[in-house]
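Based on the hints, put chain B in the right spot on chain A.
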Amino acid sequence: MTEAHANGYYVAPPSPWPPLAAAGAFLLLGGFALWLHGYGPLVSAIGGAVVVFVAFRWFGAVIGESRAGVYHAASNRSFRYGMMWFIFSEVMFFGVFFGALFYLHYLAVPWLGGEGAKGAAHLLWPHFVNQWPLLVPPNPSEFTIPKEAMGPLGIPTFNTVVLMSSGVTVILAHRALLAERRRALAGWLAVTIALGLAFVALQAHEYRHAYLDLNLTLNSGVYGSTFFLLTGFHGLHVILGATVLTVILARVLQGDFSPADHFGFKAASWYWHFVDAVWVGLYLFVYWW
Amino acid sequence: MTTDALHPSASGAGPVWRGWRRWLFTTSHKDIGTLYLTFSLIMFFAGGILAELIRAQLIQPGMRLVEPNTFNSLVSEHGLTMIFLAIMPALVGLANWQIPLMIGAPDMALPRVNNWSFWLLPFAAILLWSGFLMAGGAPDAGWTFYAPLSTKYGPPSIDFMIFAIHLMGISSVMGALNIIVTIINLRAPSMRMMDMPLFVWSWLITAFLLLLAMPILAGVVTMVLADRHFGTSFFNAAGGGDPVLFQHLFWFFGHPEVYIMILPVFGVISEILPTFSRKPLFGRVSMIYAIAAIALLSVIVWAHHMFAVGLPVTAQLFFMYSTMLISVPTGVKVFNWTATMWRGSLTFETPMLFALGFLFLFTIGGLSGLMLADVPADYQYTRSYFVVAHLHYVLVTGSLFGIIAAVYYWLPKWTGHRIDERIGRWHFWLSLVSSNLLFFPMHFAGLSGMPRRVADYAPQFAPFNLASSIGAFIFGASQLLFVWAVIKAIRGGEPAGDRPWEGARGLEWTLPSPPPAHTFATPPSPEVVRAEGPHGYD
Chain A
0 MTEAHANGYY VAPPSPWPPL AAAGAFLLLG GFALWLHGYG PLVSAIGGAV VVFVAFRWFG
60 AVIGESRAGV YHAASNRSFR YGMMWFIFSE VMFFGVFFGA LFYLHYLAVP WLGGEGAKGA
120 AHLLWPHFVN QWPLLVPPNP SEFTIPKEAM GPLGIPTFNT VVLMSSGVTV ILAHRALLAE
180 RRRALAGWLA VTIALGLAFV ALQAHEYRHA YLDLNLTLNS GVYGSTFFLL TGFHGLHVIL
240 GATVLTVILA RVLQGDFSPA DHFGFKAASW YWHFVDAVWV GLYLFVYWW
Chain B
0 MTTDALHPSA SGAGPVWRGW RRWLFTTSHK DIGTLYLTFS LIMFFAGGIL AELIRAQLIQ
60 PGMRLVEPNT FNSLVSEHGL TMIFLAIMPA LVGLANWQIP LMIGAPDMAL PRVNNWSFWL
120 LPFAAILLWS GFLMAGGAPD AGWTFYAPLS TKYGPPSIDF MIFAIHLMGI SSVMGALNII
180 VTIINLRAPS MRMMDMPLFV WSWLITAFLL LLAMPILAGV VTMVLADRHF GTSFFNAAGG
240 GDPVLFQHLF WFFGHPEVYI MILPVFGVIS EILPTFSRKP LFGRVSMIYA IAAIALLSVI
300 VWAHHMFAVG LPVTAQLFFM YSTMLISVPT GVKVFNWTAT MWRGSLTFET PMLFALGFLF
360 LFTIGGLSGL MLADVPADYQ YTRSYFVVAH LHYVLVTGSL FGIIAAVYYW LPKWTGHRID
420 ERIGRWHFWL SLVSSNLLFF PMHFAGLSGM PRRVADYAPQ FAPFNLASSI GAFIFGASQL
480 LFVWAVIKAI RGGEPAGDRP WEGARGLEWT LPSPPPAHTF ATPPSPEVVR AEGPHGYD
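As they're listed, the protein sequences go chains A and B. For the first sequence, position 35 (counting from the first letter as 1) is numbered 34 according to numbering that gives the first Met the number 0, and the numbering increases by one without interruption. For the second sequence, position 498 (counting from the first letter as 1) is numbered 497 according to numbering that gives the first Met the number 0, and the numbering increases by one without interruption.
Isolated chain A, as found in the complex (with noise of 0.2 Å):
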């Protein structure tokens, strides 16, 4: 018995990438500090190269022990559990600009407009109105007035059955690997990749539409703080899905996963329905209420 496998556990050896992976991030955020104070965007740019190195590396170590077996039904367990517990953390980090949204909406901006517990706020901007979507805010001479809200017709319904069906689509991919249909399996996740890329396109289409015909901008009140930043994060979190499931494809054209074991497909799969579930609660709350 080695090092490694104490108790039937295999425990990783000695490894650069952790470190590296720390002195990348490091880099890579206190680069765009630098960045945000006039330093240009370079150090910002090696960190994220780091970074992106470090995950090929990091990944590619785990693949190449995945492949040479020795992972055993206890480290599947943890992996698994944290996989889920990483989703856990993401929901609440989700869940702090659901909060904000919320507060918004049926506290800050009532109170300013004159109603409820703390109406007397209304003091301060006498000729502010409640609305929501709020596209006058308090002091409308500091913002960028948009001329209309983003409707939830259009590009955010159509977005909205494109993500469903990628959602639909990982699982016929899930079935056609434990059916040990290969082909099929290679075919719905790549119609799921391309469901996400073109959910991508379609919202940066609609950012587009938003900042040169609507107005809407970042800089809008808290409609724009908010329209902006809950779906901008949630679209970075459908390009990282799309990345995973990428790398999950190419692993699957290179032969792995047998539907006896499959977790890297399993984490990419649940962090897909994770994003569709975000969606869900961004359509019903950013673009209906």
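These aren't lab readings, by the way, just hints derived from the structure by calculation. One thing to keep in mind: the hints can contain errors.
[As the list claims (entries may be wrong)] Using C-beta positions, here's what the derived DEER-type ranges look like:
(1) B:P511 to A:F55: 38 to 44 Å
(2) B:M193 to A:W288: 51 to 57 Å
(3) B:G309 to A:L235: 32 to 38 Å
(4) A:G115 to B:T143: 34 to 40 Å
For each residue, glycine too, the CB sits at the ideal point set by N, CA and C.
Chain B alone, transformed into the frame defined by chain A:
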């Protein structure tokens, strides 16, 4: 000469690194635990130097040392450093060393992620402290960095603080899920959940609180960043936002956070008191439920930090009563600890001394917390030195005393040498007297009206502040004894044997001291698990 990472040998064994690469590349929970604890000790002294500067400034009225702006930076960096880089990493370090040993696991479940969690922290420290070198100075909006102090009026270094918090948040989330997975998945097969040691239980519950709270903080600082640079108005009323929203979101993180810093210490105390009383923990099951109850309540009490900002009355009543409710499970714990010692065969080695110090002084902090929970009274106490007294009783004589007790308790296991009891006793008595000289007068300063976070004050507060400052200097100097005791135990001393405290129970005491690099390669037998578990005293 690394092995090709993509094609590890079938055994999975990598090269054995020595020297600096051992510490950089390690995947051993013991090495990572040592890294966490060493780093946290360094940051404890870094944050401590800031505290001594604060006390030097306040030793007399007249603002003799630093300008108000610099003073604000000292206060902010002191708080951020102590909370995120000293107390929290120390607790995670204890978890790293102890949890696998106490549940019979070969290591942490995700060893590489574990190492990543640690190495994010020194980088976060660089970002957090870089502000001292910048134009505009280090972050000066307090450790709570309320908007608009951190948004409209914050210096450039606030951005670096925000990204430091992001790194620390990633570190905490990864550390927390590692701990959860380890406890759930890698426990010795015959150890039932309810038979787990209290320290393990307390960390399991704390880890869930971390997963819940840290992403909230990440979201809040992201909004601060967006308000500062990208034109959003989350915390700007002119755009429909609300600065009070910042406080709600911050404290929704911040209140669980204060329990994150104390619950693992509850676990530590529940290990130490039975050992030196030579009796099983009184009311063991109720202790577990009490920790869980405190954790649940901690998520619904956040606005008691905000009674004076103008909340609706119904909200104030809800948060007042829910806060007071916490004293019930906390009372269960304090009474059970006391009952554990009742008719025990007590001895007073250094870990026991610090645990007893914790018991008395943390309770004082808990009682002043109850005073602050009362809304009308809080209107008087809030933003005064009374709050500073309260939070330092729970954090210094609570969390810190507990961490020190844990280090003295397990150091013989980690190093293989007994601690020098003489140094330990000096350290304890000096810390006990000086911390009370330091923090107790703050109650009076606060009750007589001295506001917190001020660089200068009216002359009538001078005697209280003089006492506090003298206490602070003695307290700071006494901590050097701690370093001495730790280094001495690392370098040599009387061999500890497997079980240096004869009243101790637990799987960690079945291992040699120091334990070999890889422990519990095969899980401990059911007989051993039973004998070392809560039924081992039967």
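Do the beta carbons of B:P511 and A:F55 sit within 38 to 44 Å of each other?
The hinted range 38 to 44 Å holds for B:P511 and A:F55, with Cβ atoms some 41 Å apart.
Can the suggested window of 34 to 40 Å be confirmed for the beta-carbon pair A:G115 and B:T143?
For A:G115 and B:T143 the Cβ distance comes to about 26 Å; the hint is violated.
How does the Cβ-Cβ distance of B:M193 and A:W288 compare with 51 to 57 Å: does it lie in that range?
45 Å, violated
Note whether the CB distance of B:G309 and A:L235 lies within 32 to 38 Å or breaks it.
Holds, at about 36 Å.
In summary, the numbered hints that this structure violates are 2 and 4.
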